[in-house]
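Colleague: Following the hints, position chain F against chain C.
Protein chains in written order, with my numbering: chain C, 1 to 418; chain F, 1001 to 1418.
These are calculated hints, taken from the structure and not from any lab test.
Some hints could be false.
Stated by the list, open to error - DMTMM-like cross-link-like pairs, simulated, lysine to aspartate or glutamate; straight-line CA separation at most 20 Å:
no. : chain 1 : residue 1 : chain 2 : residue 2
1   : F       : 1367      : F       : 1333
2   : F       : 1210      : F       : 1232
3   : F       : 1223      : F       : 1250
4   : C       : 159       : F       : 1129
5   : F       : 1117      : F       : 1144
6   : C       : 210       : C       : 196
7   : C       : 223       : F       : 1012
8   : C       : 223       : C       : 251
9   : C       : 223       : C       : 201
10  : C       : 159       : F       : 1391
11  : C       : 117       : F       : 1192
12  : C       : 414       : C       : 393
13  : C       : 91        : C       : 120
14  : F       : 1091      : F       : 1129
15  : C       : 210       : C       : 36
16  : C       : 227       : F       : 1012
17  : F       : 1414      : F       : 1250
18  : C       : 367       : C       : 395
19  : C       : 117       : F       : 1194
20  : C       : 117       : C       : 87
21  : C       : 159       : F       : 1393
22  : C       : 367       : C       : 333
23  : C       : 210       : F       : 1075
24  : C       : 117       : F       : 1201
25  : F       : 1210      : C       : 48
26  : C       : 210       : C       : 221
27  : C       : 159       : F       : 1395
28  : C       : 210       : F       : 1012
Number of protein chains: 2
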Amino acid sequence: MPSVEIVAVGTELLLGQLVDTNTPFIASELARAGIDVRATQSVGDNRERIAAAVRTSLARAQGVVMTGGLGPTIDDLTREAVCDALDVGTKLYEPALLQMEAVFARFGRPMRANNRKQAELPTGSLPLDNPRGTAPGFVAFASDGKFVACMPGVPREMKPMLREQVVPFLRERFGARETIVTRVLHTIGLGESEIDHRIADLFGSYENPKIALLAHDFRADVKIMAKAPTADEADAMIAPLQAEIVRRLEDGVFGYDADTPASAILNLMRSQQRRLAVAESCTGGRIAAALTSVAGSSQSFVGAVVAYDNAVKISQLGVDAGTLQRNGAVSDDVAREMARGARARLGANVALATTGVAGPDGGTAEKPVGLVLFALDDGTENSRVWNFRLEGDREAIQQRATVMALNLLWRYAKGQEP
Amino acid sequence: MPSVEIVAVGTELLLGQLVDTNTPFIASELARAGIDVRATQSVGDNRERIAAAVRTSLARAQGVVMTGGLGPTIDDLTREAVCDALDVGTKLYEPALLQMEAVFARFGRPMRANNRKQAELPTGSLPLDNPRGTAPGFVAFASDGKFVACMPGVPREMKPMLREQVVPFLRERFGARETIVTRVLHTIGLGESEIDHRIADLFGSYENPKIALLAHDFRADVKIMAKAPTADEADAMIAPLQAEIVRRLEDGVFGYDADTPASAILNLMRSQQRRLAVAESCTGGRIAAALTSVAGSSQSFVGAVVAYDNAVKISQLGVDAGTLQRNGAVSDDVAREMARGARARLGANVALATTGVAGPDGGTAEKPVGLVLFALDDGTENSRVWNFRLEGDREAIQQRATVMALNLLWRYAKGQEP
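Same shape as in the complex, but just chain C (with noise of 0.2 Å):
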């Protein structure tokens, strides 16, 4: 059965200060492509080293696949070393030069003398347009017919390089090969372990399609993965599965694969014809900031205050200054005032407030870091305010205090007792 490696190159990996995810991102197309990945290796910046993993995977493997090392700088010798591993030389392609010429035009810099070798490529490659940056990729060739594939260590130009090059190159090289289809269940509100208890018999009862369950951003995801010869077939053993899993887990399902907490939100509230305001204090902008991230998110969301300081609260949401004065800004009737004023003053018909102790510092016996108040309204007697008590450093409340403030958008948007 044909399969290949992976060799992500870069010494920050071998000193644990990047964690690797192309890796496990190349993985997992691989898998979705049919394509069997034997193991992977890292490795630093060091020719020979580069060169000996090269030899170590070839050995293995029908070809390997590579991520990192390609840049303008001494430190990138991926070029290098896989013509020492191949024992070939390297040629000028032009198209390459000629397209980062472009890239550095459109960008407005300079191209530089240490650019120009970065369009010098094995002899015999395969070059690998790279639009979204200046290093262009290549597919490398041995005499035995086995390939490097060399890729950007930048992800943003790694992954359309291998999705739109690589993976149809491997594709057409081994033949028509299984598929793998993944669908994700997002949940969200729902602990992993509450989650587990609910499937847990599914997990063993099934090994195509086989199930995972993923913890992630203080969320969990399902995740159900069918082999077939034929995505059509893999859905269809999908189908009856995911629909078990979504009636156990109905009240947690927001949505699918690149559905995400705030495009479900706005979907429900577009639909709705509601319009979405926020007043963030210890969030700190986000929750703007996910619901923002939606494209057209404009048609239902209509802005934010991030009123950090007690001043922003009275002056942009109309808080009453004697409310802040005998409660302290994190406290059920600033949220409530704060929710209140959201939607009046920015035009909403629904706003949602966060107000909170973020700490490491500013914790009190009474409210101590952690505590986080929400409050929704809707200018009914539905508004209503929650006070959590949460663990974790500063990022790790403003995070979860994000992700709370969507499940709250999202429970209420579905009509759903948060």
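Modeller: The following block gives chain F in isolation, referenced to the frame of chain C:
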């Protein structure tokens, strides 16, 4: 020079379903202990392939540190594979068995027959205690004296085993070794190739301390790593090189190590007793989120208005309806009025505003996707507007615009012409 390799075991790593955070954790602990990591591998739950990976790493380095595959299931094959690679048998380690029984008793769970095999370690091994789980680790030895240290894959079991048992073993094994100290110089507003151009000659001339250039999040960092018997000696080696690099990149280095662009800006603003406000359209809250990530940001950051809807630009920032109608939201005048309004209404001394076309829709020939305007207002004739054409998808444009805004704010606070 003695070095080790890291081998992580688990098929999920090859399917990209899990980002391997164990390898960078191990790598960074070893770097701190002055132990060189030559390369890393990951391999699936396959006895032959694990054994082959161990042999490959042992051929290249003095030892191997492994994680994963020590559990009780049929998929856990690290013990057997290490025996194959080292050509040794297994032996029941009574103390390991007793400890496992104690852990099971403490967890109140029955110990099954398949758990028993976890106490069968390669003959001649040094067992490693695992008080937090059921799988003991071990260090096995080859006939030539090289070693393979195996730890479980569960991070909360692996981490203390590494710190408390494996690192001390390695330190002793390799004798008193050196420490690696890393200094990171963070830059903003300088391109990677510009930095390379200015310091390229330093890359080649230094092996220790060593320099690396890392581009990420639309910025670049220069990393200086020094290896020495003590941290003080490493610091002393770093100092002159750091001074030289800072001299050459003076217009771009905003901070060191844990500093962020936001913390650098807020430090300057605080020392100048200035108060900052932000008005965000296309960046949607990201600038505020970056600023409020900094503990104590409330001292110099008053807040932001995320003015996504034009009505919010008018009501919250006092942008003139006529200006909006005549020039459109993405225009110099609107940017200028947003900044002026934010400064005045939020009670700040300085305000920065963003407005642009983040896409994917909404672009025109005159105002294409990626056009972003920035205005800075401090109530003096220093107030200015800049416009840039940014590359990438919606997310990249929003993130690049955020970094540019931070760059402009930092240069302003430094008194540098942006």
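Colleague: Determine which of the earlier numbered hints do not hold for this structure and return their numbers in increasing order.
Modeller: 4, 5, 12
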